[in-house]
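**Student:** In order, the protein sequences belong to chains R and C. To convert, note that position 322 of the first sequence is 322 in the working numbering; the numbers rise steadily by one, no gaps. To convert, note that position 17 of the second sequence is 564 in the working numbering; the numbers rise steadily by one, no gaps.
These are calculated hints, taken from the structure and not from any lab test. Certain hints may be false.
[Said to hold, decoys possible] Computed cross-link-like contacts, PhoX-like style, restricted to lysine-lysine with a CA-CA straight-line distance of at most 25 Å: (1) C:LYS855 <-> R:LYS497; (2) C:LYS853 <-> C:LYS677; (3) R:LYS323 <-> R:LYS116; (4) C:LYS981 <-> R:LYS497; (5) C:LYS855 <-> C:LYS657; (6) C:LYS589 <-> C:LYS650; (7) C:LYS677 <-> C:LYS646; (8) C:LYS650 <-> C:LYS981; (9) C:LYS650 <-> R:LYS497; (10) R:LYS411 <-> C:LYS589; (11) C:LYS646 <-> R:LYS323; (12) C:LYS677 <-> R:LYS497; (13) R:LYS379 <-> C:LYS589.
The residues making up each chain are set out below.
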Amino acid sequence: MILISTYYEHGCDKVAHVSDTKKTLDDPPPPPEKDRFQEELDTDFLRGNKVSHYQLFPKSLGQVILKFSVSELHISFTQGYWRTMQWGQPFLLSPPGAELWVWFQDTVTDVDIAWKELTNVLSGIFCASLNFIDSTNTPLGVGNVTDQRFLRSAVLPREIVCTENLTPWKKLLPCGAKTGLAVLMNSEKFFHSSFYSQALHITPVCQDWQCERGLSSFKWSLFKMFSRTLLLTEACPLAFSSKVYVDVTDNPQVSNLTLATPLLSQAVVLEDRRTYSVYDLTNQATFGQTRSLNMLLRWRAAENMLRPLLHGERYVAGYGLQKGEIHTLVYNHHTYRAFPVLLLDTVPWYLRLYIHTLTAPASVATTNPVSYIHYQPSKDRLQPHLLEMLVQLPPNSVTEVTVQFERALLKWTEYTPDPNHGFYVGSSVISALMHSVVAMDTNSTQERRFSAESSYFMWVYTEPLLVNLPTPDFSMPYNVICLTCTVMAVGYGSLYKLLTRTFQVEELGIRPFQCLLRRKQSIFCRFQWGEFTARRGSRSQQAVIYL
Amino acid sequence: MAAPLTLLLIVAVTIRAVLFRSSLAELIPERVEVVSPLNAWKRVVEGLALLDLGVSPYAGDVFHEVSPLSIPLNESNPSIHPSIMADALTAVALYLAVKDYNKTVFRKQKYALEAERYPLDCLELIRTPKEMYYIPLKVAMFYLLNPFTILSCVAKSTCGLNNAVIALFILCTVKGSSLMSAIFLALATYQSIYPLTLFAPALLYLLQRLYIPVNWQRSSFWLFTTQYTFMYLGSLCVMVCLSFFLLSSWDFLSSVYGFILSVPDLTPNIGLFWYFFAEMFEHFRLFFICVFQINVFFYTIPLSIKLKEHPIFLIFMQIAIISIFKSYPTVGDIALYMAFLPAWNHLYRFLRNIFLVSVVLLACSALFPVLWHLWIYAGSANSNFYYAITLLFNVAQILLVSDYFYAYLRREHHLTHGLYLKRKDGSEATLVLK
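Please take these sequences and the hints and turn them into a complete structure.
**Tutor:** Below, the structure written as structure tokens:
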């Protein structure tokens, strides 16, 4: 794993360099390469409620944060699904599609209006269709936190990430698209990867114990896998520090083509002591004579890759378009420790969940793994289902949680342009508070990013689901209206006739076959208009018992 | 007559019990023809599970029953499920009601014969006690052994309960007890709004029974009408307030009555609403909702005027119109009005389309599951196929009801004007509606 980190500090004119890496692989098939770029910016946003230094931080975001009184914001755009079992635990995980979590400050009077406006503004800044976020995919009452009325979150699993989203993202960086990391970001290479995610995290950092005035920490992170062929020779001059971290825990053989000597540092990431070789790009010696940094990594087949402790999978079972079942599998790979996890599911309203069918088969250790359920049912066309469960995971086991649902028939205008593609259900989140037995490492200066506390919070996303709904025939609205109104009219007509008319003896006694004879005669006598009209007049009273 | 009825009940209960224990008991509750979002048992269980979780059952959009009736139903696996008991109760109530009604009909006929109000040639239309003897048993049999009723019972649909309440209402009306009739009618209206239209025929029958003529100027008419109205509205208010106190909120009004009237759920069923509103232009949705709902209610006054001498036939007509045009019909609703058909056996000679109608109904009943499977599971048909059968089924029902109406009116005409009508020149006449 390679990590490129650039650290900007507000108000400093330190010059830092960011370099690029180039990797070539020898062994086919190559395991996927993982690259992560992270930029962090600390700035004081609450001092005087005014931000005046926009040289490092983009003005558009700053104004948005001030206008909507946002206290914390996390937005991520992801394409692909991170395969935890094959690729290990990532630093920061995000679900496929677009995800947005916002905490508003206490001063906001109407959170729903602020949420709606914020999503629209953000969709403009990031060129993404965040305007599809409305009450049908914003579950209310997420979590049991006290200030949940100021929290809004939404996931758009159908959202696609492409160059259109990368370009405005790049523009938000302090160095823009000119120097520094913008050169690394070649969209053609990015979007060939199996997993691509770009995110922006704005979190408050408390300065005092009441957290009234604090710094805000802004992080951009870009997590991608690709094979790059570009080199970077110049770093962003505004960067305070800029380093490349190569994770050499599993593959200690790294050779550097430019003869720079990396530092080896160790850090603990998520219960896992990993070794990184660090290339400090502020040091001119790193670049060597070619004025660029190139790296060659040889991978062995991943034999003893450490399996992540917590892993989740989800799929839809059943056949047909009437009903189905959602199965969520939660894996606990810890050999002896059992721990509880919180499973959070947001299911759209058109899959009608039946919570009484929620089953989690009992295992040897526990009779019922699900110990607590918080469920908020959906309202048709208004809000989605919100299901939170506390599941006890026995050690080294798989727990399967199943819930049945029914598929709704929607109005013809509510289907997407390609209705037989299906509807996406956002990933469910499995979160746990894990205990760490690894001691904290005080050597690394980046320990803030690789924090190892006595317990740490981690979460895993499952796959998004794609479900098909029964569709009406979209070419038929006029026909359906006509036919159904015809049936209504048949009923109305029959009853009207029986209600308003009485039985009467018919006047003329012309029998049916005589009627036919007369008709034939009239065809030959059509020139005699008077007789013809007289006969036509008489025929209207002839005996035809009709409905 | 108690012994044949008991035998019939035993046979019916046996059939239902056998089906309950077979594998069909899991398949049938899933069929959309048999259950609807209003009366599915799965939703009742879901509502009670939500109550257990501490969430109001009306918070979501899954539970649409009025609460007090469903809570006692949550007995886990009783030996005889409440839906079987409801079916038995309905059959017995219909049996007793039709028996009493036949006595009334025979008595009136006797008085008319003595007063020589019938023309001489229509004596073959007069009903004999012998032919009327087995009609109550046939009515009970038509209800209990109807496949639609059996399916509805095995699905544990609450439609059985609705039918039981309406049958008890008919029994109380025929027996002449206006208080009990008002209470049961209020209960039926409280469960689903449509039995409101049965108020007029009940009132007409009770007035007839008390020999109060339907005359606007008579004070006795107004006295009884206000009395009955107050009893009905009072019981309805009591029930609605009880529901409020049970869950301490008025949510159930929008969840139950708002749901029935505004049709937000477009799950396919055998009615006309679902596909119509799935394909409706948004702009006209409210207009057509109003039109379709008014369509159920507005036949009441014209039918009451035409059939004011024949309130029980009016009840039959009203129940049929409700079953055809309500927002979420199921086969259980159809079974209730079909149970009355043996009571109109004497109209057989005047029915014109009975063969066509019965064949179409049979064919559609067979085609419903086939086309559903083709649409939902096989994917080789689309929703239009199922919708077409729905249309055909409803047209057949409308033809059935209007045919019986025609036959009834025609028999009445013959009873006043004679059976073999002659024209002025002495030749045989035919009757037309003009």
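**Student:** Give a verdict on every hint.
**Tutor:** The hints, checked one at a time:
A C-alpha spacing of about 18 Å is found between C:LYS855 and R:LYS497, which places the hinted pair at or below 25 Å, so the restraint holds. For the hint pairing C:LYS853 with C:LYS677, the CA-to-CA distance comes to about 30 Å; that exceeds 25 Å, so the pair is violated. A hinted pair counts as satisfied when its Cα atoms are at most 25 Å apart, and R:LYS323 with R:LYS116 does not qualify at roughly 33 Å. For a cut-off of 25 Å, the pair hint linking C:LYS981 to R:LYS497 stands: about 8 Å separates their Cα positions.
Distance check on the hinted pair: C:LYS855 and C:LYS657 sit about 20 Å apart at the alpha-carbon level, within 25 Å; holds. The suggested pairing of C:LYS589 with C:LYS650 is violated, with an alpha-carbon distance near 42 Å, which exceeds 25 Å. Restraint check for C:LYS677 and C:LYS646: the C-alpha separation of about 13 Å stays at or below 25 Å, so the hint holds. Only pairs whose Cα atoms come within 25 Å are accepted, and C:LYS650 paired with C:LYS981 is rejected, the gap being roughly 34 Å.
A threshold of 25 Å between alpha carbons decides the hint, and for C:LYS650 with R:LYS497 the separation of about 32 Å lies outside it, so the pair is violated. Pair hint R:LYS411 plus C:LYS589 holds up; C-alpha atoms about 24 Å apart against a cutoff of 25 Å. For the suggested pair C:LYS646 and R:LYS323, the alpha carbons sit about 45 Å apart, so the restraint of at most 25 Å is broken. At most 25 Å may separate the alpha-carbon atoms for a hinted pair to count; C:LYS677 and R:LYS497 exceed this at roughly 35 Å.
Under the criterion of a C-alpha separation no larger than 25 Å, the hint pairing R:LYS379 with C:LYS589 is consistent with the structure, at around 18 Å.
When each numbered hint is compared with the structure, violations occur for hints 2, 3, 6, 8, 9, 11 and 12.
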